[in-house]
Every structure is written in structure tokens, then in C-alpha cells.
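> Chains as they are written, first to last, in the numbering used here: chain A, 1 to 114; chain B, 1 to 113.
The hints are simulated quantities; they were obtained by calculation from the structure and are not laboratory data.
Beta carbons: idealized from backbone N, C-alpha and C, even for Gly.
It cannot be assumed that every hint is accurate.
Label pairs and their in silico Cβ distance ranges [what the hints assert, rightly or not]:
no., chain 1, residue 1, chain 2, residue 2, range
1, A, ASN84, B, LYS57, 31 to 41 Å
2, B, LYS58, A, GLU79, 22 to 32 Å
3, A, PRO83, B, GLN14, 19 to 29 Å
4, B, ARG51, A, MET27, 15 to 25 Å
5, A, LEU11, B, ILE62, 29 to 39 Å
6, A, SER80, B, GLN112, 41 to 51 Å
7, A, PRO39, B, LYS71, 42 to 52 Å
8, B, HIS108, A, ARG110, 31 to 41 Å
9, B, PRO113, A, VAL14, 38 to 48 Å
10, B, ALA29, A, LEU96, 14 to 24 Å
11, B, LYS57, A, VAL14, 23 to 33 Å
12, B, PRO113, A, ASP56, 41 to 51 Å
The lines below spell out each chain.
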Amino acid sequence: EAQVTQNPRYLITVTGKKLTVTCSQNMNHEYMSWYRQDPGLGLRQIYYSMNVEVTDKGDVPEGYKVSRKEKRNFPLILESPSPNQTSLYFCASSFLSNRAYEQYFGPGTRLTVT
Amino acid sequence: GENVEQHPSTLSVQEGDSAVIKCTYSDSASNYFPWYKQELGKRPQLIIDIRSNVGEKKDQRIAVTLNKTAKHFSLHITETQPEDSAVYFCAASRRGGADGLTFGKGTHLIIQP
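With the rest of the complex left out, here is chain A:
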């Protein structure tokens, strides 16, 4: 089954404790992105990757890191989480369909930083 998976789905942590949210896709997509969703703000892009070892900042990259060592995986790293990073996080991968890159979203990770 074609899918984007994220782990964990729910996480409660404390300020300053490093964490990683994993994202994996089995569709051989080249393009992957991370978004955060906050009430009233919609989805905002954190980072994206257009290929292995190629990553770039989105609109809200501060406090986050990513890596793309393999095509299928695109982990999101919070080196020192803070309460303002409490949010719902979505990973997405995209493929070329009718000359546009349709984003396919993972199930989301709800992160709470206390």
C-alpha cells in the first residue's frame, strides 16, 4: 500500500530534550516536505527536500533541522524543543501528476512541549 508514515503519532516532551520525528514514504517520491499546523494559521512549511542530500528552508525553519540521507526517509529534528513548537506536524511527499507535484500527506504527529 502506497503511504507516508510518521512516528511517533503523539509525543509529550519537556523543554530542551532533543527529539526526532521520523517520516518515511514507500512511493519512491523525490520531493518531501515538513509542515506545522496551528489553529488559525493553516499549514506552514518548515523544510523541504527535492532529492537525497538536498534540503532547503521553508517559511518557518527556526528551531528545526532535517536530513535526507535516503530517498524514502526525511526525519525532522528538534535539537532543543520549546513550548512554541507545540503543534501538529505533517510530513508530505510529492510526485509529478499532470505536470504538477501533488502533495501526499502523512497522518500527522501531535507534539506537546511543556
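We have chain A already, so just place chain B on it with the hints.
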């Protein structure tokens, strides 16, 4: 960078009536405009999209229109049904979505029985 404004933030319509959600974008180089539907507790899902070389696209009860000159695009849902209740997001991209999307803040559509 791109900025996408979406209105209204909440829209309540009677079942069977039409609903229209409007978005404007700032970057004239944007060329791809998808719409996503997000039900409570679920991931966003693509419902329709349009590219800048097309003015209108229709898929059953859903249609999207694009005015490049005015830099705005709209989602039209006809004959609304209870299952249309959700949050809808518009988005824009200048590279066909390859480097991700800039989203509007969402519209909560409520279908009244």
C-alpha cells in the same frame, strides 16, 4: 515569498446550497493552485487543483476558477451535502508544487441540515 489570503474563515450554508471560498495570492510567478479538504483529526487531502494556464476546472460538484490578472482563485461547491463539512485550504506554488506549498489559513465549512 508567497502570501496566500483566504476568506471567509468560517462559512455556514444550508444543505443543498452552494458554497464559495476565495483566495488571493501575491506572487505573480505562482503557477499551481491546489485545494485541500481536512476532516477533523485527519490529514489534508487534495480535492482539486488548477494550473495557471487554465481558467476553470470542474470535477462533479466541485469547481475551481482562476483569475491570473487579479491573482485570485476560488473553490465552488454545489449541492452541498453533510459530508462536505470540513476545513478547506487553498495553496499556491511557483514551481508546480515541487518545493512545497504556501497555504491559506483555512475555511471551516459548516453544512446546516
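> Which constraints among the numbered hints does this structure fail? Numbers only, ascending.
Violated: hints 2, 3, 7, 8, 11.
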